[in-house]
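*Asks:* In case you want the letters, here they are:
There are 2 protein chains.
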Amino acid sequence: MIIKYEELKAILREKLIKLGADENTAEITATIISENDLDGITSHGTGRFVRICEMIKLGKIKINNTAVKVSGKGSLEIWDGQTGPGPVNAQICMNRAMELSESYGIGCVALRNTNHWLRGATYGIQAAKKGFVGICWTNTTPNMPAWGTKEACTGNNPIVFSVPYKDSYIVMDGALAQFSYGALGKAASNGKQMPVDGGYDSEGKLTTEPSEILKTRRVLPIGFWKGSGISILLDMIVSGLSGGLCVPEIGELGSSTTDERNLSQIFIAIKADRKTMDSKAESIISFIKNSEPAEENSPVYIPGEQSLKRQKIQSVEGIIIDDSIWNGIENRK
Amino acid sequence: MIIKYEELKAILREKLIKLGADENTAEITATIISENDLDGITSHGTGRFVRICEMIKLGKIKINNTAVKVSGKGSLEIWDGQTGPGPVNAQICMNRAMELSESYGIGCVALRNTNHWLRGATYGIQAAKKGFVGICWTNTTPNMPAWGTKEACTGNNPIVFSVPYKDSYIVMDGALAQFSYGALGKAASNGKQMPVDGGYDSEGKLTTEPSEILKTRRVLPIGFWKGSGISILLDMIVSGLSGGLCVPEIGELGSSTTDERNLSQIFIAIKADRKTMDSKAESIISFIKNSEPAEENSPVYIPGEQSLKRQKIQSVEGIIIDDSIWNGIENRK
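Same order as they appear, the protein sequences are chains S and X. Position one of the first sequence corresponds to residue 714 (our numbering), numbered consecutively onward. Position one of the second sequence corresponds to residue 714 (our numbering), numbered consecutively onward.
Please note that a few of the clues may not be correct.
Remember, identical chains collapse to one label, so a pair may be satisfied in a single copy or spanning two.
Straight-line alpha carbon distances no greater than 20 Å define the calculated SDA-like cross-link-like pairs of lysine to any residue that follow [to be verified]:
1. K918 with Q906
2. K775 with I1038
3. K786 with E815
4. K842 with L919
5. K863 with I998
6. K905 with V1029
7. K988 with D1036
8. K918 with M907
Source of the hints: derived by calculation from the structure; they are not laboratory data.
Just chain S, same shape as in the assembly:
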């Protein structure tokens, strides 16, 4: 189906209010979900709405709780998300990191006891739009084997880097697994192969066949041992600084999809000199865009560029949402 941004936002807001969300929480959450859909990232927008509703009903997301400061010194603060809604908490904490950056130069908030932030890019974009470099990451439930293991014993711990660019921004947002379970599931049900190896089959061989990877649950870290190593360090830093749960402890909460909660996140903002930042980014973009493409006549994209294009189109033409996702939301009482 196709729906206008404002209409989508109003529907989601109303559903959240019916579930007990106050006006402000419902507004922020509905805005973030609708913006993710507008950018074409329904997997991290409406695609997770039913699960969010479920978690609110089960009391696993305490919908009207928001992050509060626990302690802090200068440019570094620790906040507690009080198991409130992930997008609201993340927005509060990136905002606070920006305030700290405004006062000190670089600012950092370590957040514990929060929930899934949906799309990490949201908070990188939030920082970049205000002229800050943004760096943030989250841990997750154990969902990726560390290098040398068969079991999901680390998280895919998505990380985000963003910079302001002229009247816009450039953002890179990626989990440290080559593909999400969502992407594997979608390909499997469409009978498609992954474009590159995404994990291991039951014989321990690399494969592009999503159904095999879904069987073994052995998804591939980006760069094999490299992505695995980064993921382990990100978890140590985020849990060690926030005092929140680390990946193994999140795993102890349970293994159902509604059990991924009480996550730990880091938000870093750095005040940038806009002129220097723009001029360097421009040189980098122009150099890359003018390089020989891997496939003839195939455009070369800068991180986030395709989402920005989609945003522009869907702002006018409306947002395309899979019927299966939309029916789930409509049937959700």
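Knowing the structure of chain S, use the given hints to seat chain X on it.
*Replies:* Below, chain X alone, put in the same frame as chain S:
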């Protein structure tokens, strides 16, 4: 050949002094190179010594220049490396980031006009040994095709994450290409295949054959589009914050191996609560170590663990250095 740490350091120090280095610069540079070798990372230790000497002689490394503060506000400072020796500049700037972190909580130094830092882990370890979380990265000459291109139009921009751990540390240090040119060259001359796909052959197919990748120069970013995207953002941030050269501008200096200079680097230090950090890292390590190994009876390693083991062994038994590397150093006047 096998050489004791102290002897290696003395030889390197003397050679640097003969090239005009003052006592302090020679001591720091020789120490860092020898420690990298001690950890088994000769590729980023003695393996680069001849090139360093060359660059000093050509005036491309100004051996007795060191980084000076350009500007700063609170927890964020910009420094200029004055094209001095990379390891000395990097050590100064991570040290300054730690001082800023001590005062403010999180501290950041953006460094421009510096040279190759050898092994990034050195500066992560420096921070972790003093009880700080360390995050640092560098840009490089264009040496990796951005996703969608055939030409080396971005850098492999190595990034480092480190945490203190009990009386030691855990460190992840990785370039964003799957393999370095050094590793490809070594495998090619030994007639070996890479353990996983490392780049593209001349038909545009992924390959483990190092000689093919060396021909096309199409090395693979970790996680394909993901590593490419991270690399582009790291370059934008490091050059945008420091005001130093970005990857395309470093490329303009020339394409010989002694032309990779005037790099830009970021050093971030975050004061950690040691007790929390240790307890979280311990949970993470124990969870991973107790997971089912991918290969039966194959040990599972934590990032940096193998280097620490090598360090212990080589501290007692001496450092193994390839004869080809050693002969190069000995013949270097």
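*Asks:* How would you classify K786 and E815 at a CA-CA limit of 20 Å: within, between, both, or neither?
*Replies:* both (15 Å within a copy, 10 Å between copies)
*Asks:* One pair to classify: K905 and V1029, alpha carbons no more than 20 Å apart. Within, between, both, or neither?
*Replies:* neither (31 Å within a copy, 55 Å between copies)
*Asks:* Between copies, within a copy, both or neither: which fits K918 and M907 at Cα up to 20 Å?
*Replies:* Answer is both: 15 Å inside a copy and 16 Å across each meet the 20 Å cutoff.
*Asks:* 20 Å Cα cut-off: does K775 pair with I1038 within a copy, between copies, both or neither?
*Replies:* neither (24 Å within a copy, 61 Å between copies)
*Asks:* What label fits K842 with L919 when the C-alpha limit is 20 Å: within, between, both, or neither?
*Replies:* Classified as neither: same-chain Cα gap 40 Å, cross-chain 38 Å, threshold 20 Å.
*Asks:* If the cut is 20 Å between Cα atoms, do K863 and I998 qualify within a copy, between copies, both or neither?
*Replies:* between (39 Å within a copy, 15 Å between copies)
*Asks:* Since the copies are identical, ignore which copy is meant and state whether K988 and D1036 lie within 20 Å (CA to CA) inside a copy, between copies, both or neither.
*Replies:* neither (45 Å within a copy, 50 Å between copies)
*Asks:* If the cut is 20 Å between Cα atoms, do K918 and Q906 qualify within a copy, between copies, both or neither?
*Replies:* both (15 Å within a copy, 17 Å between copies)
In summary, the numbered hints that this structure violates are 2, 4, 6, 7.
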